[in-house]
Structure formats: structure tokens, C-alpha cells
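Asker: Below are the chains, spelled out letter by letter.
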Amino acid sequence: MMFKPSSPLFSGLLWKIPWRISSPQKARQRKRLRAVDRVVDTVSAALARNGETAKPVTRWFNEMPREEEMVPKDKYTIFDKKEKKYRKGIHKLPKWTRVSQRVNPPGF
Amino acid sequence: MSYFRIQLVRSAIGLPRRTTDVLKALGLKKRMATVFHAVSPSVAGQIMKVKELVEVQEVDKRLTKQEVHLERKPDPGYYVEKTGVAEFKELRRR
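Chains as they are written, first to last, in numbering that gives the first Met the number 0: chain S, 0 to 107; chain C, 0 to 93.
Some hints here could point you the wrong way.
[What the hints assert, rightly or not] Distance windows between CB atoms, simulated:
{"#": "1", "chain 1": "S", "residue 1": "Glu82", "chain 2": "C", "residue 2": "Lys64", "range": "46 to 52 Å"}
{"#": "2", "chain 1": "S", "residue 1": "Arg27", "chain 2": "C", "residue 2": "Lys60", "range": "31 to 37 Å"}
{"#": "3", "chain 1": "C", "residue 1": "Arg92", "chain 2": "S", "residue 2": "Ala34", "range": "44 to 50 Å"}
{"#": "4", "chain 1": "S", "residue 1": "Thr57", "chain 2": "C", "residue 2": "Glu80", "range": "56 to 62 Å"}
[Stated by the list, open to error] Below 30 Å or equal to it, Euclidean Cα-Cα: the simulated DSS-like pairs (lysine-lysine) are:
{"#": "5", "chain 1": "C", "residue 1": "Lys23", "chain 2": "C", "residue 2": "Lys88"}
{"#": "6", "chain 1": "S", "residue 1": "Lys94", "chain 2": "C", "residue 2": "Lys23"}
{"#": "7", "chain 1": "S", "residue 1": "Lys87", "chain 2": "C", "residue 2": "Lys23"}
{"#": "8", "chain 1": "C", "residue 1": "Lys72", "chain 2": "S", "residue 2": "Lys54"}
{"#": "9", "chain 1": "C", "residue 1": "Lys81", "chain 2": "C", "residue 2": "Lys60"}
{"#": "10", "chain 1": "C", "residue 1": "Lys29", "chain 2": "C", "residue 2": "Lys88"}
{"#": "11", "chain 1": "S", "residue 1": "Lys15", "chain 2": "S", "residue 2": "Lys54"}
{"#": "12", "chain 1": "S", "residue 1": "Lys25", "chain 2": "C", "residue 2": "Lys29"}
{"#": "13", "chain 1": "S", "residue 1": "Lys30", "chain 2": "C", "residue 2": "Lys60"}
{"#": "14", "chain 1": "C", "residue 1": "Lys23", "chain 2": "S", "residue 2": "Lys54"}
{"#": "15", "chain 1": "S", "residue 1": "Lys87", "chain 2": "C", "residue 2": "Lys48"}
{"#": "16", "chain 1": "S", "residue 1": "Lys80", "chain 2": "S", "residue 2": "Lys3"}
{"#": "17", "chain 1": "S", "residue 1": "Lys94", "chain 2": "C", "residue 2": "Lys28"}
{"#": "18", "chain 1": "C", "residue 1": "Lys48", "chain 2": "S", "residue 2": "Lys94"}
{"#": "19", "chain 1": "S", "residue 1": "Lys30", "chain 2": "C", "residue 2": "Lys88"}
Hints listed in this document are in silico derivations from the structure and should not be mistaken for laboratory results.
In this text, a Cβ means the ideal position worked out from N, Cα and C, and glycines have one as well.
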């Protein structure tokens, strides 16, 4: 048989996101997390030198863990109520390389 | 008086409209653009909105667009020789 019907061939455009994230992707994810930490550190240090504070900066320090404080589970997966064990790869999150997703909903 | 040196490293294409608006308010129109803003809580709040897209440094002086460009200019690989008299005159003028 020449034609083997499969979902990508059968329908038109069908992209699939792999269920797990590769190790270079994980490395780049860690790099991005550290870059965001660096930006927040720079901003807060500059404000502190002027004797000022900003609400979003203090709130970030109160609520968000740093890259080195995060467990791998939180770095590479996110909560999803529709998944079997309530977790899915962070690469399924739309625009995942440009959004901050660090904490879980209470109880998860 | 210190300044934030902010460079847009990642574009805001496909992100919420608010993100693009904040970048516009900061004066960042395209990727790799650099702007300087005085350190203040309001600018800090704006940076926090786009922290995933920018690189930030604290600097003492705000540079002009040309000075930022000249930082990246490579060495031309040559220099123009001058006569001893011209060089002497230039030194005296300083």
C-alpha cells in the first residue's frame, strides 16, 4: 500500500508538540529564568541605591522563587487540571519562552 | 543620578497588547534598540512589565544614540599618519 493514512498526512497542517522537553531546551529555560532574575536584581539594586522601592519589585521578591530555589518540577512543567497527574510540559504553554511561570496554584 | 540602560532583546510579537504598549512607552521600537531612563519607581514598574524581553544595566551617564552605535563599531584596521608638525600642533591645542 502506497498511502499510509496518518494524522499529519490525512489532514492539512498538523503540528505536534512533543510531550516532553529536551535537555537543551531545559538548559535554555534555566538560562532565561536566570536572565529574568538578573533583570529584577539590577532594578532593585538601582532603586535601593536611590533609597526607593517599587511595588512590583518587592512583590516579585515576596512571591516568586529564584531559579536556584526552584525544584525541577516547577522549572519544566506546569499545572493543568485536564492532565492525568495535573502536570504538563512547560513547552505547551503559549509563548513559554517569553512569559514567567514559576509558581503553582495553592495545594499543587 | 544614575540611569537604566535598557535593551530590547526579545520581540513582543504575539504578546498581549499591553506589553507592546509598555515597550512603546519606554521608547523601544525594535529589537536590540537601547534606551536610557533615569532610575525611578515608575520606570522600574515599566521594566518589570517587560522583564522577560529586556536586558537592564545601571549606568552613571546617558549616552546618545551615536555613542551607543560607536560602541559596536569595529577597529578600522588602519590609521592615517600625520607629519610631525601637525601632530605637535594637535598636542599643543589640548
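Asker: Output the numbers, in ascending order, of every earlier hint that fails for this structure.
Answerer: Per hint list: 5, 7, 8, 9, 10, 11, 16 and 19 violated.
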